[in-house]
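Student: Each chain, written out:
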Amino acid sequence: MRKEILVALAGAALVAGCDPTCEPVPPGELGALTAWEQEFLAGGQLPDVPGRSFLTAEDGLRLAWTDWVPAAWDGSGPAVLLVHGSSSHGALYAALGQGLADEGVWARVIDLRGHGHSRCVAPGRCDPLEVPTYEESDITWPGRPGDSADVNQLTRDLQAHLTALARDVPGSPIFLAGHSAGAGLVARYVESAGMSHLGGVALIAPFFHADQPQNERLEWECGRVVGTTYARVDLGALGDAQRRNPHRYVLSLDKPPALVHPMDTLRYTMTTMQGLAVTDPQRFHAALTGPTLWVAAEHDGLLDLAASRREYARIPGGAGFVTVRETSHVGVTWSRPVARLLARFVRGAEVEGEVGP
Amino acid sequence: MPITPAAHLATVCLVVLLLVGAARAQAAPGMSLSFGFEPRVGTYAADDAQLADYGFAPVGSALLPAWGLRGRAFVTERLFVGLAMTYGLRVAEGPVAPTTVTLTETALGAGYRFPWGGFASVDVGFAAQTTTLASRTDGGALVQLGPVVHPRVGWARQFTAPFGWFLAVSAGVNLHFPLGAPHSNPLWEASFRRAVQPALTLGIESGLGLMGGGA
Numbered sequence: 001m002r003k004e005i006l007v008a009l010a011g012a013a014l015v016a017g018c019d020p021t022c023e024p025v026p027p028g029e030l031g032a033l034t035a036w037e038q039e040f041l042a043g044g045q046l047p048d049v050p051g052r053s054f055l056t057a058e059d060g061l062r063l064a065w066t067d068w069v070p071a072a073w074d075g076s077g078p079a080v081l082l083v084h085g086s087s088s089h090g091a092l093y094a095a096l097g098q099g100l101a102d103e104g105v106w107a108r109v110i111d112l113r114g115h116g117h118s119r120c121v122a123p124g125r126c127d128p129l130e131v132p133t134y135e136e137s138d139i140t141w142p143g144r145p146g147d148s149a150d151v152n153q154l155t156r157d158l159q160a161h162l163t164a165l166a167r168d169v170p171g172s173p174i175f176l177a178g179h180s181a182g183a184g185l186v187a188r189y190v191e192s193a194g195m196s197h198l199g200g201v202a203l204i205a206p207f208f209h210a211d212q213p214q215n216e217r218l219e220w221e222c223g224r225v226v227g228t229t230y231a232r233v234d235l236g237a238l239g240d241a242q243r244r245n246p247h248r249y250v251l252s253l254d255k256p257p258a259l260v261h262p263m264d265t266l267r268y269t270m271t272t273m274q275g276l277a278v279t280d281p282q283r284f285h286a287a288l289t290g291p292t293l294w295v296a297a298e299h300d301g302l303l304d305l306a307a308s309r310r311e312y313a314r315i316p317g318g319a320g321f322v323t324v325r326e327t328s329h330v331g332v333t334w335s336r337p338v339a340r341l342l343a344r345f346v347r348g349a350e351v352e353g354e355v356g357p
Numbered sequence: 001m002p003i004t005p006a007a008h009l010a011t012v013c014l015v016v017l018l019l020v021g022a023a024r025a026q027a028a029p030g031m032s033l034s035f036g037f038e039p040r041v042g043t044y045a046a047d048d049a050q051l052a053d054y055g056f057a058p059v060g061s062a063l064l065p066a067w068g069l070r071g072r073a074f075v076t077e078r079l080f081v082g083l084a085m086t087y088g089l090r091v092a093e094g095p096v097a098p099t100t101v102t103l104t105e106t107a108l109g110a111g112y113r114f115p116w117g118g119f120a121s122v123d124v125g126f127a128a129q130t131t132t133l134a135s136r137t138d139g140g141a142l143v144q145l146g147p148v149v150h151p152r153v154g155w156a157r158q159f160t161a162p163f164g165w166f167l168a169v170s171a172g173v174n175l176h177f178p179l180g181a182p183h184s185n186p187l188w189e190a191s192f193r194r195a196v197q198p199a200l201t202l203g204i205e206s207g208l209g210l211m212g213g214g215a
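First to last, the sequence lines map onto chains L and F.
Numbering follows the working numbering, with no gaps: position 38 of the first sequence is 38.
Numbering follows the working numbering, with no gaps: position 74 of the second sequence is 74.
In isolation and in its complexed conformation, chain F is listed as follows (with noise of 0.2 Å):
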């Protein structure tokens, strides 16, 4: 399937998904809206080989740093469900110009919160990563386009009880898996198209509202 009808489907799908979120939101007894710095460890330099063979700079490294905000809200006194957005970006210095990795991601989150302040949760969303490239005769980008899936647990201390400032901690798996082609470019031979791309989690959150074990 072409990747330009598959992200305006998974769009679609994605704000319907937001919208009845929202809608379940207003009645929680309890929401909460946080800042994460989420760095990933992944295949991002999976195609380093390939991408020196070409003339490009290489990813240099399976890290990649990346942040986002994410909100929550309680539909119950444990269960709650979340909108989270993330963006990633590492950049890899080359002999003409960057090699920059660069991640969006949306997804809306369901989760169970524990009594001791462990929680755990699955994200469920659409990720756009794009690889910008250039060498001294040539340029592009790969651009995966994809639902992604990204499990996790965490534990969270609630501050100032019950709706002050918070800290969480998490760990977990974030698989993307792009759509079609990440290149539509003849004169590269590669395909660099992988089915999945894997990637751990560590991230920590710090945000205002209902979320953690007492303090």
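Here chain L stands alone, though its shape is the one from the complex (with noise of 0.2 Å):
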């Protein structure tokens, strides 16, 4: 009897020690770059920022945009205001800024606050190049490294920023583009604010919520932290936000050390982390009544091609789906077709299928 007792329990604790997720987060993964994608970082094909300009925000904020102008801009073609995904900045989407221009369509990519030029490592201290710390702290203040005052201060920026951008650019229909948690955003704000004043919405390699079914779910740490190996949420953390301290860092983001740049952000609050998370992730493509284009990678490594289909199936305004061949997540907003293809919708063109790297 003793014996079959000890070969139960020996049992039960081999079984708790293999539980899969109980392992230790591994490295960060976006997904292999494609061959052309290698050869791109490899070359530093990144065009040069032309400047920076700034508007003031609610909370005194200088928030950073570029614009790409067109050589032959008469003040007739469409705008396209691009919003960059998580941990990045306007600069690495220089690629895309640039390609619009080339197209006739004025571009303006921004910095959201928290991230590049919008980011101050401390109190009044907002130099863009000096690398932050992510200390806690049970404050916050305008620009703090990933962080915002509540969940919405995005969507309040970006409105911002909609109407700096209808100011300079009167009587030009106006797009709102954005590329993974910026996509995020863009939904979110659409959520709220509709779609009447925008010519159309284009949704690149779009991740909208943590429960979305495109992207994966994973856990380690015995389920501590869940997210995928790029983005990781610290459960515990999340709690401690949720219930008194929303300005502690809950979600880190690790790049491969191929994309890695000086001036990413890369750690979250929650308020920052749900300001770019749509607010129904079941409900939210009832929003998108107006012409929207998505773009997916065809080898994104955190979001399900079969998967996004469905989903951009649920959008009423739905105007095209396309797959942007022998591409990944990041790799997809350095790709001059994809550039070509947003030029192409929103001059109303039809766009639908494959396009080239």
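Among the hints, erroneous ones may be present.
[What the hints assert, rightly or not] Cβ pair distances, simulated, as ranges:
id : chain 1 : residue 1 : chain 2 : residue 2 : range
1  : F       : GLY139    : L       : ALA307    : 28 to 34 Å
2  : L       : GLN159    : F       : PRO198    : 56 to 62 Å
3  : F       : ALA141    : L       : PRO257    : 43 to 49 Å
4  : F       : ALA141    : L       : ILE139    : 31 to 37 Å
[Stated by the list, open to error] A few chain L residues facing chain F, derived, Cβ under 8 Å:
id : residue
5  : LEU238
6  : GLY239
7  : ASP240
No lab work stands behind these hints: they were computed from the structure.
Built from N, CA and C at the ideal position, the CB exists for glycine as well.
Bring the two chains, given one by one in their own frames, into a single complex with the hints.
Tutor: Encoded structure:
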């Protein structure tokens, strides 16, 4: 009897020890870069940013943007406001900005608060080249890396950018475009503001919410950490943030070394994490009533292509689902054909099917 | 080890021990059955600061009112074995819902009775202590399951000899060893885990049957 009990105890311990969810988080992955993307990176082919402008946000923070103006701009064409993805900033979208301008489309690429040139490492110390340390704090300040005052402050910032752009290009139809979590912010904005004032929306490899079926959700450290290897949420920190400390860092973003940039923002508080996601992952599609383009990367390491198609089918204003061949989640923003595709979309041309890398 | 298999294993062991005890009791020269009020003073409020931090009502007191039934069977004139079932409850009002501490303990014991009415015994068993929690945004429970050891000394007075009514008082130390994690909520950073939960017990017991020094 004693022997049987010991065997049972050893078996139970063995099962507990082999639980895959109890493994540590592996190094960050965004999916392998394709051949042309590796060449692009090795060649340092991102165009130089032409210069930055700023608008003053509701809390006094200077929000940065870059305009990519077509050479023969006569004030009559469409304009695109482009929102970068998580951990990133506008300069890394220079290929899309330049590509749109080359196609005759005015492109404004913004730096979200707490990112890039809209980031302050300490109250009033807003040097974008200073690497943040992500020190925990009970309070926030304008531009704190990866933080925002509340879950809707990024949405209000986006509205301020749209208002400024509408003033700068009067008469031009304005389109909103977002990549990855930037598309999540675009969809969140549309959830509350609608699309009647927009020419349309372009969602590029969009990440809308952790509970969306298109993105995998993994677990490590016995369920204490969830997400992807790139974006992991510490659930204990999230619980604390939900209870009393909304400005605690809860999300860590871990990029492969080849994609790391010195100005990356690699930690998010709950307010910014939720502010970049839709409020209702089950029903947000219904708000996308205007022309909506979905651009998917064929080799996206984060998003499932088939599930993305199913989600796209739920969008009432769906104007096209286009797959970019031989392209990964990040590389889709370096693709010249994607810039051409966006330019065709904002001019009302039919967009569907596939484009080359 | 996960809590559930451990609890099942302990339950099986306890049932086997109880059956053995009952078989021995059949041949015993005397037995008793009693009801006891057995409050405990222990570390029940040790997590109060953290509970308040989480928005839950704190337990608020180290005192846990407890009561139960106890049966004893004498295997010799002095030696006895016993079974005990003890229940405890404490309710602390909170802004949303009360924090409740609920204890259920089942134990097998053995002891020695002295001619002058004193006795010493040790109970070994299994205890389940559950603390239910709720705040405006969150809720759940801490479940502490594990073996318990409860040595005690006491004195009993038999009022109608030799098998009538008796009264007993006792004092002891209850040591509960919770197994595993008391919760699996990843949103709670605090583990609330403890290796042992000690409590001093003070019991007053009233029953029928053979137990104390003679009247």
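Student: The structure should be examined with respect to each hint, and the outcome stated for every one.
Tutor: Going through the hints against the structure:
1. A hinted range of 28 to 34 Å holds for the C-beta pair GLY139 of chain F and ALA307 of chain L, which are about 33 Å apart.
2. Between GLN159 of chain L and PRO198 of chain F the beta carbon distance is about 59 Å. The supplied range of 56 to 62 Å therefore holds.
3. A hinted range of 43 to 49 Å holds for the C-beta pair ALA141 of chain F and PRO257 of chain L, which are about 44 Å apart.
4. Against the hinted window of 31 to 37 Å, the Cβ-Cβ separation of ALA141 of chain F and ILE139 of chain L comes to about 33 Å, which satisfies the hint.
5. Evaluation of the LEU238 of chain L hint against chain F yields a held restraint, the C-beta minimum of about 6 Å falling below 8 Å.
6. The beta carbon of GLY239 of chain L is positioned within 8 Å of a beta carbon in chain F (closest approach about 3 Å), and the interface hint is therefore held.
7. Against a cut-off of 8 Å between C-beta atoms, the interface hint on ASP240 of chain L holds, since the closest Cβ of chain F lies about 6 Å away.
Hint violations for this structure: none, all hints satisfied.
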